[in-house]
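Enquirer: Listed in order, the protein sequences are those of chains A and B.
As numbered in our numbering, residues 1 to 113 make up the first sequence, in order.
As numbered in our numbering, residues 1 to 115 make up the second sequence, in order.
It should be emphasised that the hints constitute simulated quantities derived from the structure, not laboratory data.
Don't be surprised by glycine CBs; every beta carbon is placed ideally from N, CA and C.
There's no promise every hint is true.
[Unchecked claim] Pairs of lysine-lysine, BS3-like flavour, derived with a Cα cap of 25 angstroms:
#, chain 1, residue 1, chain 2, residue 2
1, B, K102, A, K57
2, B, K102, A, K78
3, B, K114, B, K77
[Unchecked claim] Derived CB-CB ranges, DEER-like:
#, chain 1, residue 1, chain 2, residue 2, range
4, B, A5, A, S7, 26 to 36 angstroms
5, B, T112, A, D99, 24 to 34 angstroms
6, B, P115, A, E52, 42 to 52 angstroms
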Amino acid sequence: GAGVSQSPRYKVAKRGQDVALRCDPISGHVSLFWYQQALGQGPEFLTYFQNEAQLDKSGLPSDRFFAERPEGSVSTLKIQRTQQEDSAVYLCASSLVIDGGYTFGSGTRLTVV
Amino acid sequence: AQSVAQPEDQVNVAEGNPLTVKCTYSVSGNPYLFWYVQYPNRGLQFLLKYITGDNLVKGSYGFEAEFNKSQTSFHLKKPSALVSDSALYFCAVREYNTNAGKSTFGDGTTLTVKP
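Given the sequences, and given the hints that come with them, work out the whole structure.
Expert: The following block contains the structure:
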């Protein structure tokens with residue numbers, strides 16, 4: 001596609017509920033990244049894929065967070081047993097090469113109530 | 001460990017004047033450096049990057065940035081600001097030659113250009 005597509009745009013979850021956030025990167029982009037952005041702050045790294053391989057997951061805040069990219073294209077970020085502190089905008093980005101600039105999606109705003 | 005500092009939360013300039021948005025970084029090895037812009041209600045957009053080579057990098061919308069290794073800085077500049085440049089700007093750093101892929105972002109600087 002022309003850009004990075006994320007869905008849903010907004011998600012309201014009750015505390016304890018599981019959520020799944022989807023990212024559809026630009027076709028052919030090898031690298032895919034997930035970031036978390038809290039209000040008034042810069043994006044914080046969560047995890048990175050090169051094709052289907054998850055090369056770095058050091059930013060995932062707890063074992064409740066899980067990401068996958070099984071066929072090297074679409075990726076899903078799953079959060080189990082959501083907590084209020086998980087409320088944030090979750091950004092997906094892709095790039096053609098590892099040293100390229102990112103193309104970001106519009107993000108998913110998650111609100112846990 | 002890598003980090004980015006954007007020392008100014010807000011920068012105000014008059015239209016037509018030059019603008020500078022400051023960024024300093026810390027990284028163990030050589031840096032990849034990036035600037036992104038976020039317009040209201042829109043996603044982050046890539047502006048420019050420094051990987052290697054000339055210290056002055058030119059990017060989108062007439063922006064440029066100067067890499068200064070001794071001062072560990074990568075300030076964003078534009079010779080003549082436009083009202084439409086008003087937005088939130090983020091600097092980011094990634095360590096060169098690692099496969100980790102992690103970029104560290106600053107907390108952003110809000111640029112306001114007044115007519």
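Enquirer: Each hint should be assessed against the structure and marked as holding or not.
Expert: Do the hints match the structure? See the list:
| no. | hint | in the structure |
| --- | --- | --- |
| 1 | B/K102 <-> A/K57 | holds (9 angstroms) |
| 2 | B/K102 <-> A/K78 | holds (20 angstroms) |
| 3 | B/K114 <-> B/K77 | holds (17 angstroms) |
| 4 | B/A5 <-> A/S7: 26 to 36 angstroms | holds (34 angstroms) |
| 5 | B/T112 <-> A/D99: 24 to 34 angstroms | holds (32 angstroms) |
| 6 | B/P115 <-> A/E52: 42 to 52 angstroms | holds (50 angstroms) |
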